[in-house]
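Trainee: What follows is the residue order along each chain.
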Amino acid sequence: MTDDLVTAGVDVGSSAVKVAVLRSPDDRSAEVLALRADRIRRRDLKKVIGEAYPLALEEAGVAAADVAYAASTGEGELVEFRRGHFYGMTTHARGAVFLLPAARAVLDVGALHARAMRIDARSRVLAYRMTSQCASGSGQFLENVARYLGVTLEDVGPLSCKARRPEPVSSICAVLAETDVINMVSRGIQTADILKGIHESMAGRYVKLLRAIGAEGDVLVTGGLAADAGLAEAMREKVAEDGLTMSVHTHPHSIYAGALGAALWGAFRHRALERRGASRPDAPHPAEPERSATVG
Amino acid sequence: MRVFLGIDLGSTTTKAVILDPEGEVLGHGITNSRSNYEVASRIAREEARVQARFGLVRAALARDPALAGAGERFLPLMERRFRLRQHLAQLERLRAALHEAADDPRHRDRRSELDGLVERIVDEMARRARKHFGGLAVRKSDFFRDLAAADFMQLAERESDPKGIGFEEITALFDKAILPVENSPGEVPLERRIGEALDDALETAGPSLAEGAARLRAAVEAARSILLDESATVGTGYGRQRLPFPKEMVRSEILCHGLGAHILFPGTRTVLDIGGQDTKAIQVDADGIVGSFQMNDRCAAGCGRYLGYIADEMNLGVHELGPLAEQSTCRVKINSTCTVFAGAELRERLSLGQRREDILAGLHRAIVLRAMSLLARSGGISEEFTFTGGVARNPAAVAALEELVRENYGERTLNISPESIYTGALGAAWFARRSERLAA
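Chains as they are written, first to last, in our numbering: chain W, 1 to 296; chain V, 297 to 736.
Here chain V stands alone, though its shape is the one from the complex (with noise of 0.2 Å):
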């Protein structure tokens, strides 16, 4: 099958999406952004490819009557096998880092008593792990840098000794050790850890499957081997500059975001799209054409960025602030404006004792109110009206957004997609598509 790959390498997170001739969604991949953006946009990619060969599993199994029940329920079982092995296996690339990283001078006398704490502290992630993936295990994030940086940070306290070795000492180890883990691929590519999961899955499942694990196998084999064979690929993003693309593959976020909205939502004529580390406010024609648009400039206050700071203050998964936000009762006015005071004023607040869900309702507010000038700036907001990016599945920002919006520009249809962070790759991929019928 031929298909059309989109990749918008954002500052945290890259995203790829793949597509079929006919314009239609057969993957989505996400990662979280690192110093070495050909491994970050190499891992969305095969992210998107994975998730695309579940989805032609998926099928493959609806397809065949006799499977269909099993199917539903054998799949999440494979998809969280397939996770775990994966989470497993750079665990041990850790563990391997880590050693690594008490192999320095500087922890000469003592090197065998740390190298002991690392068994220690990666053997007890290890069965956290399984925990994590787990049927009914909710986790913070999806991405190993964070699920690991939690689980270290947590388990780094316990192990450390005041008059031993020092909780900092362990800490620093694994922010050395991360760096190589993260910006170098696996060995084994994610597509063939398919096989392995559903070995995996086949061997817990198996029993109770009875005759239908050989139907299973052989149809899970099938959509596994049908070609992926990617006629283009079109980059975008804050740092399209940096990917491995030709020139003319390469496209501006605006042009992407615009495009990607109007696929998403044909009506679109306002974009608001919060990512990482900018803000865009895009106005757009019938045919998702860009007229004219606004960014904020080098200031990370009202930006994606932002909650994500104020998400490691708390030791929070970026994606627990918004529904925490939702339950406040009395929202509290944030004075600071800058991303790392508001971090402070936060801190502030708490050791005074103010509800942490108040606080975090006005830190959304006050991530929208930026918004607001620049959309006011780009040109108001005109019918539909459609919130992309990491923010928009908040669901605190889209809350404010909803109350500021029609206090300033009376009703408006508000367009939010739940895949609306790979908005950006998906635009990127509609690029793909047409170019190659420009070629033909």
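With the rest of the complex left out, here is chain W (with noise of 0.2 Å):
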């Protein structure tokens, strides 16, 4: 038991604020002892990580002195506690495996940006591509939209799977979106329609950037939006239109796919550091750990 390891990840998005604390017994499995994600919602986003990360511990009950490796991922630089700092990318790819160990490919849908990556068994990632410099589709967008409509984002799912008459949604723009969708309110489109029409919108752009590296088999949706079974039935819809040999899944737990990639990656990196007797911190960091893995 001398191995086991408690790590934390911490997952800056700009967003929301996700904590993952594992307890690790060696570098092939970890216990999930908390989850926790906060909303910023134009809070200081030092405030929301400052509360959501004690907490977090208190909910796993351990101490901020029992955590080994606290790891930063996503915009990071304002979690003064971290000991490290991984990229978005690499802890997606290793949360992802861990959530769905059949996983080669990833969806991850957050806020402003999509990223879809195809990845090995040992969540190398092979191929990725992201969105474009415009938020169109995004889930800023997704969830703005929800806000006009005086949708809860957990509502937004259930009521998108009702739609009857999904309406298609002219404009590109994430901004000017929001006005044509009160201009579909104020012509009596149901809100259920409405979301329907955005979520095949964004289904569409998602598919895209899946086939574009290449993606079959299993795909994960990780980010905020994988919670959203609305955008998820969307794309399998246009997986089974486009005849792809993929299946869409989502996890529960795929909103913290970052911050448990961040604190398996943590794991990871303490056990390199403590074989190579460095008790000191490790400002200069190793080499990227999707190069450097051997994680299975």
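Hints in this document: simulated from the structure, not taken from any laboratory. Treat the hints with caution; some may be incorrect.
As a list, the in silico DSS-like pairs of lysine-lysine whose alpha-carbon atoms are at most 30 Å apart [claimed, not checked]:
{"no.": "1", "chain 1": "V", "residue 1": "K472", "chain 2": "V", "residue 2": "K459"}
{"no.": "2", "chain 1": "V", "residue 1": "K459", "chain 2": "W", "residue 2": "K47"}
{"no.": "3", "chain 1": "W", "residue 1": "K162", "chain 2": "V", "residue 2": "K459"}
Mind assembling these two chains? They're in different frames, but the hints should get you there.
Mentor: In structure tokens, the structure reads:
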């Protein structure tokens, strides 16, 4: 039991802060002690992080001093207590394989960007593609629309799944599409049909992204939008329509993929440092984990 | 009195202008746009009628030499009482809507806690409202939605408890409750509140007015009873197709902005209108007739909404941005084009310690640069050049525009009216007035 490590991952996104606390006996397995997501909504980011982390540790039943390695990912500069930082792509890949070992592609849909990655069984990133410098069809866009419709985010998916006649979204701009939505409401179009129309346009973009990297087989959707059942359903419909050999999965913990990945890489790096007998702070980072990784 | 009404239903705000038979502006009205266009245009119209009424009251007080001095002091007080009454009435509607939103199966366990929280928050909002509408108060916005949202978010953060009722749960109530409050008109027509405001103001100022109070009341009542008969109404703007008007009473935004700019500044040949969700570059002739135009295409970058989004990100009112940007000493170059990304870039730069004044200056230049390319495609900038739309009220945008016009076209007369946001509605009101003349 001497090797039992407690590590934490803090994934700072542009819309929410996610924390994962893990206990791992070795590099191959881990037990989730606590998961926590806090939405930022224009609050002070440092404060949100500062509140979320101790609450996650409390839930996990560990003291801050027991955490062998706290890692940040995403916009992690503000995580002052971090020991190291991992790039978002590697943490999402690692988190995805942890949640769904069969996953060979990951679609990380966050507030601003969507990122498709093709990965191997050891969560190495083989190819990737991101959406362009335009927020059309992003999570932030969907969130704005939901707010305008007076629908809470958890209701978006179930409502969309009930749609009968999805309304195509004509505008592509994330900001102007909001006014399109207002227009639809004033034309008497059902909320469910509006949401489904938006999900279909997003699904079209994301499936295109996955095709571009040659994704096949099991695809895990991670990031905040993975919890949106309407988006997943629209993606499955699009995949079937295009006759692709992909199966789109989500996981109840998909939103924590980045935080989980960071905690897992943290454990991995901690052990690597221990083996090298380095108890000093690892200021100069070793090579990017996906290149030196031997996690299976 | 026969009056003519123009309504400009924009994506962000809905504006109304009332003209008298001579084409003089009697009143302006503005409100934030919302999904129910009929309510938005109805409120803008009522606001314009209220302003027209206050204008008539002002004229009546000015005509009575015995009231001249007292009237000048009394009228602003009366207007503040009017705004406060209006705000408090909406707060009560919000309170009811919040309780209704709390009445949801998912809140079953803590319904009473939530109800108590709503009471505390709305009571405090009402206390703050009295400050918002005090004598020297500077408000971030005049719209109920903005004022209420800012107060509510702040109070929600104070009331939230990460282990009990969270911030998000409270704000979700607001998001749900504000919609019915905005999309149904209040029960009391705005013009009737003028009477209530008169009573309030007389009660406050009464002793200092002494026997003048009776004359004041008589003058106000007389001005209130003047009939404002809307002979014709023309609608324009983004939502014009949805306005409850006959087709022949609808005009395109391009025509209305061209004519409106011509009415404000008869020498106008080039018009730049930066509105909420589109930017227009228009060339007009000596009669205000449109020759050519260019509009931006389906992207919020370069529109007023761009700045609106940034203001939301920074928790500021949109009219606070310009004055802040003017304090910049070292302008930052913004790399993102997309509005949402520019918002993220802003947050990132702020967290890296860059000054918000400098970032804002960069954002203002970015929006004007987009407009410059639109102007070039529409045929350049001829003498005189008129800048309209909500963004024309932003001093930093104006300064950036002046600089770029000088660099690219040399010296040009730049016209900006303090009422520039009403340009489209003014053009529409003139079309209404003309239609009446043609029919006669």
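Trainee: Next, verify each hint and record whether it holds.
Mentor: Tested hints:
no.: 1; hint: V:K472 - V:K459; verdict: holds (23 Å)
no.: 2; hint: V:K459 - W:K47; verdict: holds (16 Å)
no.: 3; hint: W:K162 - V:K459; verdict: violated (33 Å)
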